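Asks: Turn these sequences into a full structure, and let the hints steer you where they fit.
The lines below spell out each chain.
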Amino acid sequence: ETGVTQSPTHLIKTRGQQVTLRCSSQSGHNTVSWYQQALGQGPQFIFQYYREEENGRGNFPPRFSGLQFPNYSSELNVNALELDDSALYLCASSQPGTGLGYTFGSGTRLTVV
Amino acid sequence: QQQVKQSPQSLIVQKGGISIINCAYENTAFDYFPWYQQFPGKGPALLIAIRPDVSEKKEGRFTISFNKSAKQFSLHIMDSQPGDSATYFCAAEGFDDYKLSFGAGTTVTVRA
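Protein sequence lines correspond, in order, to chains A and B.
Count the first sequence with the numbering used here and you get residues 12 to 124, in order.
Count the second sequence with the numbering used here and you get residues 3 to 114, in order.
By construction, these hints were calculated from the structure, which means they are not laboratory data.
Keep in mind that this is a model prediction, so the values were computed, not measured.
The beta carbon of each residue, even a glycine, is placed where N, CA and C say it ideally should be.
Accuracy of the hints is not assured; some may be wrong.
Now the stretches of chain A that chain B is said to cover, found in silico as 3 or more residues with beta-carbon under 8 Å [as the list claims (entries may be wrong)]:
id	stretch
1	48-54
2	63-70
3	109-119
Examples of chain B residues lying across from chain A (beta carbon under 10 Å, computed) [said to hold, decoys possible]:
id	residue
4	Gln8
5	Pro46
6	Phe104
Replies: Dropping the structure here:
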């Protein structure tokens, strides 16, 4: 059984650019959530995807968008990057109804300069 | 606005001692309360979780105490070891909800 894998592990972008982060969910999980974790803070919910549709969204602007694919993998896209977008982006997969909670990946460290 | 308040921000404990981290919430719709452990450069890993129908849950050296009327819950790490040095997050999720609300985290340092 594989865990949640995210790519890339680190990247540096310039303000105004666009970025795509990728996530492969744990085997058997059909739901993917994305979280933003600023330095020294707890993760903040961005959105969740279930069956390729957005299933809920946190307090993030529309320039944060996502996709889920038929194999349950997912992408997070951020347009018009701002300096405050610098954070660790975490992907978590789950299988609702199992009571087993969320499995998090190791994250992508994004630095916006 | 943080839905789950966590304290302390950091703590230092001697090897073999007890670490206690406290969390409080306001949303009575929350019905699942997990604790996550995070090491530097890694994502959070589920440590232990509780639902409000029990007041305590123990797994090895880790115990959650839950006080539904006070809307508070805490993590106790018994016989703390240097390998327990990490950041711990409490979280909460409501029934039919789709997201975890995390506390701000507690950095635990266990001195040998």
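Asks: Does each hint hold? Answer for all of them.
Replies: Against the structure, the hints come out as follows:
1. For the stretch 48-54 of chain A, the assignment as covered by chain B holds, since 4 residues bring a beta-carbon within under 8 Å of that chain's beta-carbons and 3 suffice.
2. Look at the stretch 63-70 of chain A against chain B: 3 of its residues bring a Cβ nearer than 8 Å to a Cβ of that chain, three or more, so the hint holds.
3. Taking a C-beta to C-beta cut-off of 8 Å, the stretch 109-119 of chain A contributes 7 residues in contact with chain B, enough for the three needed, and the coverage statement holds.
4. Interface hint status for B:Gln8: upheld, as the beta-carbon distance to the closest one in chain A is roughly 8 Å, under 10 Å.
5. Proximity of B:Pro46 to chain A holds as hinted, the smallest CB-CB distance being about 5 Å (cut-off 10 Å).
6. With 10 Å as the threshold, the beta carbon of B:Phe104 comes within range of chain A, its nearest partner Cβ sitting at about 3 Å, so the hint holds.
The structure is consistent with each of the numbered hints, conforming to all of them.
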